[in-house]
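Residue numbers (our numbering), protein chains in the order written: chain E, 1 to 320; chain S, 1 to 248.
Don't take each hint at face value.
Negatives, chain S to chain E, calculated, CB over 12 Å [what the hints assert, rightly or not]:
no. : residue
1   : T13
2   : P199
3   : P205
4   : I248
With a straight-line cut-off of 30 Å between C-alpha atoms, the simulated DSS-like cross-links for lysine-lysine are [what the hints assert, rightly or not]:
no. : chain 1 : residue 1 : chain 2 : residue 2
5   : E       : K208      : E       : K191
6   : S       : K50       : E       : K311
7   : E       : K208      : S       : K227
For the record, the hints were derived by calculation from the structure and aren't laboratory data.
Since this is a predicted model, take the numbers as computed values, not measurements.
A virtual CB, placed ideally from N, CA and C, is assigned to each residue, including glycine.
Take a look at the letters that make up each chain.
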Amino acid sequence: MSVLVYASSTDGKFKKSAYEVVSYGKKVADQLGTNLIALTINADDASELQNYGAETILTVNNDGLSVFNAKSYAAVIEQAAKAKEANVVVLDSSIDGLYVAPLVAVGLDAGYASNVVETPSSTSPFVVKRKAFSNKGFNNTEISTENKVLGVAKNSFGVHENAASASVENFDAEVVASGVKSTNIEKASGKVTIADADVVVSAGRGLKGPENWGMVEELAEVLGAATACSKPVSDLGWRPHSEHVGQTGKPVASNLYIAIGISGAIQHLAGINASKVKVVVNTDPEAPFFKAADYGIVGDAFEVVPQLISKLKDFKAQNS
Amino acid sequence: MKILVCISHVPDTTSKINFTDNDTKFDTNGVQFVINPYDEFVLTRAMWFKEKQGASVTVVNVGNVTTEPTLRKALAIGADDAIRVNAEPTDGLAVAKELAEVVKNGSYDLVLAGKESSDYNGQMVPGMLAALTDFNFVNGCVGLEVEGTNANANREIDGGNESVATSLPLVVGGQKGIVEESDLRIPNMRGIMMARKKPLNVVEPTGSENGTSTQSFEKPAPKGAVKLVDADNIDELISLLHNEAKVI
């Protein structure tokens with residue numbers, strides 16, 4: 001018996017979510033009194049994972065897996081789980097993690113709980129807490145199958161250093177052919193993505209037009225943040241669809257979410273309320289967002305945001 | 001082409017969320033149920049295939065009798081017939097196994113589902129269904145074309161977009177982009193009248209065992225009131241974010 005974590009990497013590099021799932025997996029392995037095995041596919045430096053508690057690190061290096069493919073990756077994870085007799089498999093909630101997890105669950109005939117926000121409240125029965133009803137509730141779910149797959153909600157457990165000295169083993173996985181072939185990948189380079197960002201700066205119709213987004217981008221740059229927008233803004237074509245956050249758009253689970261000129265419709269809040277700290281700037285004190293936010297400024301974005309940029313620049317200069 | 005569209009029956013996002021029976025059941029009292037918004041996108045794409053390329057469109061839901069109005073709405077939008085698998089959908093794996101049975105019995109070429117439901121956002125069932133039927137699978141799909149048995153799809157990836165080539169039979173977990181919001185259809189009176197006459201077949205479940213079960217529900221801790229900062233006092237906001245919230 002052991003716990004297996006799949007630590008995903010992009011272009012060989014781990015993201016924060018990989019460290020988070022390893023940290024999470026370590027806690028679960030401790031609860032079960034067993035070892036933590038981390039699996040990597042084509043990662044540059046897999047040994048990094050020992051800083052977060054991985055005791056065994058399996059490295060798969062195979063050119064046949066150079067581009068993510070859900071079926072092939074799921075097969076590798078399954079093979080590793082079987083080879084190491086892991087009956088708890090932990091994955092992250094990245095786009096690719098969510099793609100691959102259900103395939104792994106079927107492969108291992110495992111009960112699967114996604115959007116898990118805490119370590120198990122009990123291991124016998126095995127009970128985890130997961131998000132439900134667009135973050136308006138939680139569901140304590142028992143997984144009753146022998147094998148279990150857990151999808152950890154982004155930024156819910158956090159990254160915890162827990163140095164171990166890991167043995168790094170090469171794992172020779174068979175590459176299973178997939179009927180889905182990647183033909184082209186387009187990626188914006190050098191931009192912080194909404195999924196990875198610790199801080200997201202988002203703006204809505206209160207900005208009056210796409211020509212006014214310069215200050216939003218500048219604020220995001222000062223904070224090292226990703227930019228996002230409300231649904232009406234993407235529907236109007238002021239900003240690309242890829243920036244739309246909220247229900248049916250991208251989910252946000254950042255540490256800080258700054259909403260400028262967004263009223264806070266319930267569909268918007270459903271997608272962003274997993275963020276830890278929410279700041280709202282709006283001229284209308286009755287805007288529903290003020291009920292959901294932690295900090296608020298009732299004021300005109302065109303006055304508040306430039307001030308915020310200049311004060312934050314001073315703050316960053318003093319604190320760097 | 002035979003298309004199956006999986007429809008989840010979900011509480012409208014504006015619903016008040018409450019629990020009953022000692023917090024073990026979701027309180028449906030006063031809750032408006034709707035077609036899962038993610039499923040509306042793929043249903044609309046299915047209608048496009050039907051009208052432009054010729055296809056039959058069946059909608060399916062795993063649920064009890066209370067989900068029938070949701071299936072009727074899908075029929076009113078234009079699906080040809082509906083199947084309800086008469087089981088409580090309490091676990092992703094069990095639902096996927098029931099749907100796999102429907103897929104096998106109906107020999108569908110293309111199975112479309114929203115990538116997730118708006119209540120649990122789990123993204124569990126489409127992938128499980130693909131794995132159980134051994135169909136090809138594209139998740140997070142924002143564009144889909146089918147020519148003969150070949151399919152080209154776009155899917156959202158972190159920070160961009162990936163084009164993939166695949167073939168039928170295929171399961172697609174779709175989202176906004178597979179059609180645009182403005183293309184979504186609202187049932188008209190004629191559609192609603194016709195929907196009443198369309199077949200809605202109830203099939204009994206195979207009795208797939210649950211992999212998971214709900215022990216209890218809980219609500220998040222009540223949130224404190226917003227701290228308002230004066231628009232002329234940005235320094236205070238920065239200080240609060242740095243010292244109190246510790247996020248900058």
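Outcome of the hint check:
1. T13: violated, 5 Å
2. P199: holds, 30 Å
3. P205: holds, 18 Å
4. I248: violated, 7 Å
5. K208/E / K191/E: It holds: about 24 Å lies between the C-alpha atoms, which stays within 30 Å.
6. K50/S / K311/E: violated, 57 Å
7. K208/E / K227/S: holds, 26 Å
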